[in-house]
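Protein chains: 2
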Amino acid sequence: MELKNDTLLKALLRQPVDRTPVWIMRQAGRYLPEYLKTRAEAGSFMNLCQSPELACEVTLQPLRRYDLDAAIIFSDILTIPDAMGLKLFFVTGEGPKFEHPIRSADDIRNLPRPQIDESLGYVMDAVALTRRELGGKVPLIGFSGSPWTLATYMIEGGSSKTFSKAKKLIYQDPQMAHMLLEKLAGTVTDYLNAQIESGAQAVQIFDTWGGALSSQAYKEFSLHYMAQIVSGLKRESEGRKVPVILFSKGCNTQLEALADTGCDALGVDWTITLDEARRRVGDRVALQGNLDPSILLAGKNVIRREVGYTLESFGQGDGHVFNLGHGITPDVDPEHLSALIGAVRELSPGYHS
Amino acid sequence: MELKNDTLLKALLRQPVDRTPVWIMRQAGRYLPEYLKTRAEAGSFMNLCQSPELACEVTLQPLRRYDLDAAIIFSDILTIPDAMGLKLFFVTGEGPKFEHPIRSADDIRNLPRPQIDESLGYVMDAVALTRRELGGKVPLIGFSGSPWTLATYMIEGGSSKTFSKAKKLIYQDPQMAHMLLEKLAGTVTDYLNAQIESGAQAVQIFDTWGGALSSQAYKEFSLHYMAQIVSGLKRESEGRKVPVILFSKGCNTQLEALADTGCDALGVDWTITLDEARRRVGDRVALQGNLDPSILLAGKNVIRREVGYTLESFGQGDGHVFNLGHGITPDVDPEHLSALIGAVRELSPGYHS
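The listed protein sequences derive, respectively, from chains B and L.
Take any residue in the first sequence, count from 1 to its spot, add 53: that is its number in our numbering.
Take any residue in the second sequence, count from 1 to its spot, add 53: that is its number in our numbering.
Hints were generated in silico from the structure; no laboratory data involved.
Treat the hints with caution; some may be incorrect.
Pairs count within a copy or across copies, as identical chains cannot be separated in the list.
Unchecked claim - With a straight-line Cα cutoff of 30 Å, these simulated DSS-like cross-link-like pairs (lysine-lysine) come out:
| hint | residue 1 | residue 2 |
| --- | --- | --- |
| 1 | Lys-353 | Lys-236 |
| 2 | Lys-302 | Lys-221 |
| 3 | Lys-302 | Lys-150 |
| 4 | Lys-214 | Lys-57 |
| 5 | Lys-353 | Lys-214 |
| 6 | Lys-353 | Lys-272 |
| 7 | Lys-221 | Lys-294 |
| 8 | Lys-353 | Lys-221 |
| 9 | Lys-140 | Lys-214 |
| 10 | Lys-353 | Lys-218 |
| 11 | Lys-218 | Lys-90 |
| 12 | Lys-150 | Lys-236 |
| 13 | Lys-221 | Lys-90 |
| 14 | Lys-272 | Lys-214 |
| 15 | Lys-150 | Lys-218 |
| 16 | Lys-63 | Lys-294 |
| 17 | Lys-150 | Lys-214 |
| 18 | Lys-302 | Lys-218 |
This is chain B alone, in the form it adopts within the complex (with noise of 0.2 Å):
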C-alpha cells in the first residue's frame, strides 16, 4: 500500500516539504468523547491495550476528525514491564501501578528478558492491524518508553514525585542499576524493531522523567541507553528509512548531547524556543514540537496566535514537526484542536519554499 501523506516521515528527516506536518502527542486520549465511549466498553485501560481491534479503533478516531499527519498506536509506555512479570494495574485518579515492583537486587537478577512475539503480540497484532486500516493515508508510529522512565515506575511501583527509590539504587547500588537497565534496553531494542517489523514507519522513545536526573545521572542513566536503542534499530523498513525520534521532557540542557545519539529527530518541551533549539542542534536533528499543552484551553485565536509564534520561532526552513511539548490533557475541547491543526495547515506553507 502505497503511503498517500510522507510528509512526516520527510520532515522528520530534514527533507524538503511544502507544510509542516503536525500529530499531537496523546492524540487518541480522553478528551476524545469516542474515545470515552471505546474505554468504557473495554472495561478497563488494560483491555484497550491489548485488544487489537479496540487499540485500533481508538488509534484511529482522531484520524477521522483532524487533518493530522501521523497516527501513533494506542498503547502504554507500561506495556514492556508488565511483560517482564511486574503486573500491571490501574486505579482510577491514581495512575499506574505495579503488582510486584522492583524490591530487591534480585528482583533485578531475575527480570526475565521477554519474548516479545508472546508477551507483547497484542502490540504487535494492533500495528499490523491499523496499517491495514490506514490505507495508507499518514504513516504509524511506534513507541516505546526510555529504559530509565520505565525503570522509575518499576522501582517506585507507580508514578512518583521525587523518584526517591529509583534515584537511590543508581546511586546507592549503581551496578544493579545499570543490569536493570541494560535489560530494559535490550528489551526496547527489540520490541520497538517488532513494531517496524509489524509496520510502524516511524518511532519515538519518550523519556518522560529524564528530567529529574542531575546532568551528569542523566548521561549516564538515560542518554547511555537511549543511545544503544537508537543504534540497535532497525532504521529502514519497506524500502524506506525508519525515523527515530527521541523525546526526553525536561531535558533542554541535554539537546547537544541527544543529537549526538544518532536519531533522526528530537521532540522539545515548551521551556525552551525551537529558535534556540535549533540553534544548538545545527542541522544535526529535526525537531518536534512544543506549544504548551495549556495553550489548547484558551480561545482559537490565542490558539492561532502561538501557533504562528511556534512556526515562526523554527523559522524558515526543513525539519520542523509540529506538536505540542507534551501529551495534550483530558479537558482540551476537541474544537480547539481542530484550531490548532488548522493554523497549522494554513501558516506553515510560508516557512516551506
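Take the given structure of chain B and dock chain L to it, following the hints.
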C-alpha cells in the same frame, strides 16, 4: 551585634572567602525529629508559622545540630495570599489549600494590597526574635514566593500538576493576569523590605513553578515581576549590603535573563552542571546549589563523592554557595546531612585562595 560568620554574605556578593558556605533549602523541616515535636506541639502548621516563638525555635533547630553558614526564617510562601484574604489551610497528605481561591476577574480587582505590619506582623516578629536569638552567629535569610508561583496557588486553589487554570488566565486574559501579578509584586516587595527592616540579612525569592511556563511566558509573567521586585528592594541595611537570591526551579534555559535582573545570586537546580551555569552567567552573579536532594538518601561515601563533584564542577574561585537544588525531603536521615556539611567544610577550602 557583630556578625561572627559572614561567609555566606561574602560568597553571595562574589567576595573572597576561605571556604564555600553552605545552607540547605528547608533545613528546618520534617526530616528533623525536633521539628516534628515542635510542630506537634503547635497543633497546626499555621500555628507554627504564626507563633514568632515557635517559628524562631524551628529556625534555630538545624543550627544546633549542624555547622551551617546561615539560618533561614521558618515560614511558608503562602503567607502572602493568606494575608490577602484567601485563607490558607493544610490538609494532611494533600498540601496547601485556600478557602477562597481566585475564581473571577472581580476576585483579582478586589484583592487588597495587605498592610504588612498588620497582617504579616507575625513574620516580622519571628525575624526580629530570631536575629536576637542568633546573637550574630550566622546571618538570617528572609524569603518570599515569586508573584507567578504565588499566583498559581491562588488560582488553582492549591497545588497543581499542569497549572491549567493559571495558564488559561495568562493566555486568555493576560491583562487580568498582569493585574494580579502587579499586586503580588508590590506586596512581595513590601514583604521582603519589611523582613530586611526587621533583621533579614539576605533574601531569596522562590519561583518554584517558573519551570511550568514556556520560555516567552516565563519572561512576561514570572521574570518581569521578579526583576521589578529586585529593583524595589532595600539593598543595604545595618551598614551592609543585603544580597538578593533568585531561585527559579526548572528554568535553566533562562539563567542569562535571570542574571540580568540585578540580583546578586541565582539558585540552580541539578539538571545543569555548575560548570555550565557559571560559563553562562559569567561574573554577573554568584551561584547557589545544586546537589540533587535524593543523593542524601544514599550512603555517606556517595554523599561525600557527590559533594566533591559539585565543588569541582563550580571549580576554583569565589561566588559559590553550597546548597541542594531543591528542598531537603522528609525521608532523609539527619546524619546524612551531617555528612554533606562535613564534606563541604573539608573539601571546599581547596577551591579558594
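How the hints compare with the structure:
1. In the homo-oligomer, the alpha carbons of Lys-353 and Lys-236 lie at most 30 Å apart only across protomers (29 Å), although the nearest pairing inside one protomer, at 46 Å, exceeds that limit.
2. For the identical chains of this complex, Lys-302 and Lys-221 are neighbours both inside a copy (21 Å) and across copies (22 Å), given an alpha-carbon limit of 30 Å.
3. Taking identical chains as interchangeable, the C-alpha atoms of Lys-302 and Lys-150 lie at most 30 Å apart whether they share a chain (21 Å) or sit on different chains (28 Å).
4. Taking identical chains as interchangeable, the C-alpha atoms of Lys-214 and Lys-57 are never at most 30 Å apart, the minima being 43 Å within one chain and 39 Å between chains.
5. In this assembly of identical chains, the alpha carbons of Lys-353 and Lys-214 lie at most 30 Å apart only when taken from different copies (24 Å versus 33 Å within one copy).
6. Taking the shortest alpha-carbon separations for Lys-353 and Lys-272, only the inter-copy value of 23 Å comes in at or below 30 Å, while the best intra-copy value is 40 Å.
7. Proximity of Lys-221 and Lys-294 under a CA criterion of 30 Å is satisfied in neither setting, with 40 Å inside one chain copy and 40 Å between copies.
8. For a Cα distance limit of 30 Å, the shortest separation of Lys-353 from Lys-221 across copies, 12 Å, qualifies, whereas the shortest one inside one copy, 45 Å, does not.
9. Taking CA atoms no more than 30 Å apart as the test, Lys-140 paired with Lys-214 passes in both settings, with 22 Å inside one copy and 26 Å between copies.
10. For the identical chains of this complex, Lys-353 and Lys-218 are inter-copy neighbours only, at 17 Å across copies versus 43 Å inside a copy, given an alpha-carbon limit of 30 Å.
11. Within a single copy, Lys-218 and Lys-90 get their C-alpha atoms only as close as 37 Å, which misses the 30 Å cut-off; across copies the closest is 26 Å, which meets it.
12. When the C-alpha separation of Lys-150 and Lys-236 is checked against a cutoff of 30 Å, the pair qualifies only within one copy, where the shortest distance is 20 Å, while the shortest distance between copies is 43 Å.
13. For the homomeric pair Lys-221 and Lys-90, the shortest alpha-carbon distance between copies (27 Å) is at most 30 Å, but the shortest distance inside one copy (41 Å) is not.
14. For the identical chains of this complex, Lys-272 and Lys-214 are neighbours both inside a copy (21 Å) and across copies (26 Å), given an alpha-carbon limit of 30 Å.
15. In this assembly of identical chains, Lys-150 and Lys-218 lie within 30 Å of each other by CA distance both inside one copy and across copies; the values are 15 Å within and 28 Å between.
16. Only within a single protomer do Lys-63 and Lys-294 lie at most 30 Å apart by alpha-carbon distance; the minimum there is 9 Å, versus 58 Å between protomers.
17. Taking the closest pair of Cα atoms, Lys-150 and Lys-214 come within 30 Å of each other both inside a single copy (14 Å) and across two copies (19 Å).
18. Taking identical chains as interchangeable, the C-alpha atoms of Lys-302 and Lys-218 lie at most 30 Å apart whether they share a chain (20 Å) or sit on different chains (22 Å).
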